[in-house]
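Enquirer: Spelled out, the chains give:
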Amino acid sequence: MSLPKEKLLRAYRQMKTIREFEERAHAEIMNGQIAGFTHLYTGQEANAVGVCENLGDEDTIISTHRGHGHCIAKGADVIGMMKELFGSSEGLCKGKGGSMHVADMEKGILGANGIVAGGPPISVGAALAAKIRKNGRVAVSFSGDGSVNQGTCFEAMNLAVVLKVPAVFVIENNYYSEHTNISYAVGCDDLKARTESFGFPVFVADGADFFSVYEAAAKAIEHARGGNGPAGVFAETGRFHGHFVGDPQYYRADGELDDLRENSCCLKNFRASMAESGDVSQEELDAIDAEVMALIEQSVTEAKAAPRPTPDQVTSDVYINYSAGSA
Amino acid sequence: MPEKTMRDAINEALHQAMEADDSVFVIGEDVAGCNGSPSGKVGEVGGVFGVTSGLYKKFGPDRCIDTPISESAIVGAASGAALVGMRPVAEIMFADFVGVCMDQIVNQMGKFRYMFGGKSKCPAVIRFASGGGFSAAGQHSQSMYQVMTSFPGLKVVIPSNAYDAKGLLLQAIQDDDPVLFFEPKALYQEACEVPDEAYTIPFGEAAFVREGDDVTVVAFGQMVNRAAAAIDALESDGISCDLIDPRTSSPLDEAAILESVEATGRLVVVDESPPRCGLTADIAALVASKAFSALKAPVQMVSAPHSPTPFSPELEAAYIPDVNKVKASIQEVMA
Ligand SMILES: Cc1ncc(C[n+]2csc(CCOP(=O)(O)OP(=O)(O)O)c2C)c(N)n1
Ligand SMILES: [Mg+2]
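Which chain is which? The protein sequence lines are A and B, in order.
With this note's numbering applied, the first sequence closes on residue 327, and no number is skipped along the way.
With this note's numbering applied, the second sequence closes on residue 662, and no number is skipped along the way.
Extracted from the complex, chain A is given alone in its bound form (with noise of 0.2 angstroms):
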């Protein structure tokens, strides 16, 4: 497939936000810089850059507990983000949601997800708006393997199939919810044919490859924009880390991490298709990784110097307050 350059290199420069963005995370984790609950996206990238490089801003995604790489890749200011978790008043959430509530109304983010298949009904509504107005934008909702065995979203699919909505269902399938695999969670052989039996059409993706989630994510939204109901993108994908930041991840085989991170690399991917191609050079590249590493360190440094939100926050927000209670 051939793209234009400009969007090869910001492709590859998302993807790699995203890498770099989640292993900083990683690290101030483990410093004891980021508090609360935090799920990495490493590895996973290709999917949502894949899915987000067919969308506008007027199209909306609605992202889950693993939510960075999809916010990112909708084009969530990086700064911001990195404030949020953080916990800074300046964050994207001005330090109330955290790495599980980001969102970006301006940028068509609706937000990551801490409810596993909490947003597909969401989404759904997102796209009947869009189907009312008849203003072509579609609904993107992110799922995992383990997040399509719930009740909404099951229910989702239906209505959005019954309603004909622009909505796009991507599941990605790393395998593993938390500590269970796919094997024993979801009873059938076929997940893609599961959610096919829903009434609309599933493309199929290597989660490793950013070019064949573009394309299959193309053909889905486009089925949906085309106002003929609801399509699905499964993507095969893993996470190079645990569920949660020190999950000792003792449902992985020998070896199993290394292999990922050796041969399901969707940078390295990425490079050895450009080099075969020599659409874009190494150098060029390269060039974007140290822009990259610098953005990183800045959100880092920004992030640690940012104002702390104080305790009169706690209250704004809220529709009512009352003096009841002790804050």
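No lab work stands behind these hints: they were computed from the structure.
Just so you know, not all the hints are guaranteed correct.
As the list claims (entries may be wrong) - Distance condition first, Cα-Cα at most 30 angstroms in a straight line; then the derived DSS-like pairs of lysine-lysine:
#1 B:Lys368 to A:Lys94
#2 A:Lys107 to A:Lys94
#3 A:Lys94 to A:Lys164
#4 A:Lys5 to A:Lys304
#5 A:Lys192 to A:Lys219
#6 B:Lys368 to A:Lys192
Starting from the structure of chain A, add chain B with the ligands where the hints point.
Expert: Okay, now just chain B with the ligands, sitting in the frame of chain A:
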């Protein structure tokens, strides 16, 4: 007596209940762990908080059952098995996820006995990790027990220490009605003396954690230790307090609270949930309606403010009532 953490005490109660009665089983997400995984280490996890550790290895796949992420089906499967004679203990990882399975708890499980004219039993226990303290933000920090207390047909347990947790859980498993068991996750690592043998603590019997003359302090779950610290700090000022831990919010030991307030004339109620329609308001209303004439000062309610739980550590510290807020409220009713 050996010291055990609340996590270990609950784990021990599960082991003992499963040994004693083969109708007891546990079910939930990753209660065993590693099912279907290439490592083959099934049972290695024992719940994301480690509370069901060792159960799979001891009791096998029929009695320590991993599920997909499907909270409604987990609760339904527990209550259905209970209706036909089993004694399931289901784990719903975070209390916040009550929102996902509310119908199965409230409209189904909680209504059977009454709607079926007293002809059914539903001896299911649902365990939840509840409360704040981890910078886990709005969807992983709520108590939820205050909401569930409002539903007739459900018993609601909130242990505040390892000893109570073990005895209350063994009681819950024996109980013939559905019991919601809220484990304040900030207390999992807190230890106290816990006997090795099995024992039960009856529902509806409050514990007197401190005894005193001037003020009645009622506190739930994670707040009990903080209230005790506040009371201890005020001892040198000559203030002495009853500290009542109701242990179960439904049934509630009304008599213990009312008798104490009759003696002290002052009430401070402490809970980490938001203020409206919660346990602080509930107990204040109980005392206002049944012991009004004993009151020498307005009741003080110490709770979180009316907002979701914030992420940022500074905000969360300001959100959850701390020792100083409890102290200030005790001083206020003494003023
Ligand atoms: C309703 C609900 N149940 C359980 C959880 C706990 N939990 C968080 S992530 C997760 C696994 C999700 O697996 P999957 O959908 O495959 O996403 P992945 O973590 O692999 O990205 C679970 C069980 C939750 N956050 N919400
Ligand atoms: Mg997964």
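Enquirer: Hint by hint, say whether it matches the structure.
Expert: Outcome of the hint check:
1. B:Lys368 to A:Lys94: Given that 30 angstroms is the threshold and the Cα spacing comes to 41 angstroms, the pair is violated.
2. A:Lys107 to A:Lys94: 17 angstroms, holds
3. A:Lys94 to A:Lys164: 37 angstroms, violated
4. A:Lys5 to A:Lys304: With a Cα-Cα distance of about 36 angstroms, the restraint between Lys5 of chain A and Lys304 of chain A is violated, given a limit of 30 angstroms.
5. A:Lys192 to A:Lys219: With a Cα-Cα distance of about 16 angstroms, the restraint between Lys192 of chain A and Lys219 of chain A holds, given a limit of 30 angstroms.
6. B:Lys368 to A:Lys192: Satisfied, since the Cα-Cα distance of roughly 27 angstroms is no more than 30 angstroms.
Against the hints set out earlier in the document, violations occur for numbers 1, 3 and 4.
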